[in-house]
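K.L.:
Here is what each chain is made of, one letter per residue.
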Amino acid sequence: MKKFIFFTVLLGIVIGLFILAWPFSQQNSEQTTAHLILNDKPVGGDFTLKSAQGPVSLSDFNDKLVLVYFGYTFCPDICPTNLGNLALAYRQLSEDEKAKLQILFVSVDSNRDTPQRLKQYADYFNSGIIGLTGSKAELDDIVNRYGVVYMIHQEDPKDEHYSVDHSAFTYVITPGGELATQLPHATSPDDFVKTIRTYLTQTQP
Amino acid sequence: MFKHTLALFAAALSIISVNAFADNAADIEVEQPYVREVPPGAMATGSFMTLTNMSDQDIQLVQAKSNAAKKVELHTHVHDNGVMKMRQIPAIKIPADGQAHLKPGGLHIMLIGLQDGIQAGQTIEMTLVFKDGSEKSISMPVKSVMSHSGHMMSH
Ligand SMILES: [Cu+2]
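Chains F and U are the protein sequences, given in the same order. With our numbering, letter number 197 in the first sequence gets 197, and the count goes up by one each step, no holes. With our numbering, letter number 56 in the second sequence gets 56, and the count goes up by one each step, no holes.
Hint data in this document are derived by calculation from the structure and do not stem from the laboratory. Even for Gly, the Cβ is constructed at its ideal location relative to N, Cα and C. Among the clues, some could well be false.
[As the list claims (entries may be wrong)] Covered stretches of chain F (chain U as the covering partner; in silico rule of three or more C-beta atoms under 8 Å from a C-beta of chain U):
#	segment
1	66-77
2	84-90
3	155-169
4	179-187
[Claimed, not checked] Straight-line distance between alpha carbons at most 25 Å, and here's what the computed SDA-like set of lysine to any residue pairs gives:
#	chain 1	residue 1	chain 2	residue 2
5	U	85	F	194
6	U	143	F	161
7	F	194	U	104
8	U	71	F	110
9	F	158	U	88
10	F	119	U	116
11	U	103	F	162
12	F	194	U	82
13	U	103	F	186
14	U	143	F	56
15	F	158	U	65
16	U	71	F	120
17	U	85	F	181
18	U	93	U	116
Using the sequences plus the hints, can you model the full thing?
P.N.:
See the structure below:
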């Protein structure tokens, strides 16, 4: 009986130590992406990527205010929250305002997100959103210029359900293609509307 | 010294054994659970809820099961300098007499490899498994990410 108690206690200690050690072991393996965020104001600039309807360039919308969001369709929460808020903002706009706005969703996960899949995804939000993606080289050039950070988090190369760490800013590009500002993750629909109206009136002829 | 330590472990053990007799599932109340509707073709979604612990012991949610997806995992989001990192976690702690909030941007139960038809208006069944092995079945409505406007998406 004594032996049994001793063994149980020992087991408890081992489990306890394991639980204590867990968060540290996790932290150590995850300290990779965070330090890449650029402190300088990102330069932005034109880019061309693939959509289901063929190549699309930022400069195609030189007469519009453009909002660009970088993410991936596997994302269960962060991307749908942001695009959902954008969609709610879009519904508050007048027809005239809608006509002067273009929302772009750029997937940094082109392995899984084909242009067709992106179209299906973007159309769901019913806000004229165009889904775009490109090769890793094309994407990396753009994310560097916009200060986007992303990193594929895949421990097992065969795991098709990997997630992608990504920054979740919405980039505001004024008519003419200049990067004006970036809005943080989970910006409310009302704040999106406010920002859209601010930049639309600023650039009235 | 050894005696002292042993007493401490014995005390710890007694807490563990008290836990073993408790029924975690019965002590947990689940409020407002829902699954987020995803665009057609999307492979994953999150489920959110508030878990209230009515006992005076911490309770760990260690697993969730559902037929709606190939895999169901406990996850959290870590905000790291503006970068959103989603990570699987081994357990979600519901503190004694306290709550765990599963909400967008943070803790969630992730459904991966969705079977067809996660659409607003449907109900998803899920089983929560606690550390003592007890289980709790819940039914969750599927809600559109845009539903809080009052305009449901039509399909
Ligand atoms: Cu997740």
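K.L.:
Would you mind marking each hint as holding or not holding in the structure?
P.N.:
Hint check results:
Counting residues of the segment 66-77 of chain F whose CB falls under 8 Å from any CB of chain U gives 5; the rule of at least 3 is met. Figure legend: the segment 84-90 of chain F, annotated as covered by chain U; annotation consistent (3 residues with Cβ-Cβ distances under 8 Å, at least 3 required). Beta-carbon proximity to chain U at under 8 Å applies to 7 residues in the segment 155-169 of chain F; the threshold of 3 is reached and the given coverage holds. Evaluation of the coverage hint for the segment 179-187 of chain F: fulfilled, as 3 residues show C-beta separations to chain U shorter than 8 Å, against a requirement of three.
Between residue 85 of chain U and residue 194 of chain F the alpha-carbon distance is near 28 Å, which puts this suggested pair outside the 25 Å criterion. Using a Cα cut-off of 25 Å, the hinted pair residue 143 of chain U and residue 161 of chain F holds, with the two alpha carbons roughly 23 Å apart. At most 25 Å may separate the alpha-carbon atoms for a hinted pair to count; residue 194 of chain F and residue 104 of chain U meet this at roughly 23 Å. Using a Cα cut-off of 25 Å, the hinted pair residue 71 of chain U and residue 110 of chain F holds, with the two alpha carbons roughly 23 Å apart.
For the given pair, residue 158 of chain F sits about 17 Å from residue 88 of chain U by alpha-carbon distance, which is consistent with the 25 Å threshold. About 18 Å separates the Cα atoms of residue 119 of chain F and residue 116 of chain U, which keeps this hinted pair within 25 Å; it holds. At most 25 Å may separate the alpha-carbon atoms for a hinted pair to count; residue 103 of chain U and residue 162 of chain F meet this at roughly 21 Å. Using a Cα cut-off of 25 Å, the hinted pair residue 194 of chain F and residue 82 of chain U holds, with the two alpha carbons roughly 22 Å apart.
Our distance criterion of 25 Å between C-alpha atoms is met by residue 103 of chain U and residue 186 of chain F, whose separation comes to about 13 Å. Proximity of residue 143 of chain U to residue 56 of chain F is assessed by CA-CA distance (about 32 Å); at most 25 Å being required, the pair is judged violated. Simply put, residue 158 of chain F and residue 65 of chain U have alpha-carbon atoms about 23 Å apart, close enough for the 25 Å limit, and the pair holds. A distance of roughly 23 Å separates the Cα atoms of residue 71 of chain U and residue 120 of chain F; the hinted pair therefore holds under the 25 Å criterion.
For the proposed pair residue 85 of chain U and residue 181 of chain F, the alpha carbon gap of about 23 Å is at most 25 Å, so the pair holds. This hinted pair does not check out: residue 93 of chain U and residue 116 of chain U have alpha carbons roughly 31 Å apart, beyond 25 Å.
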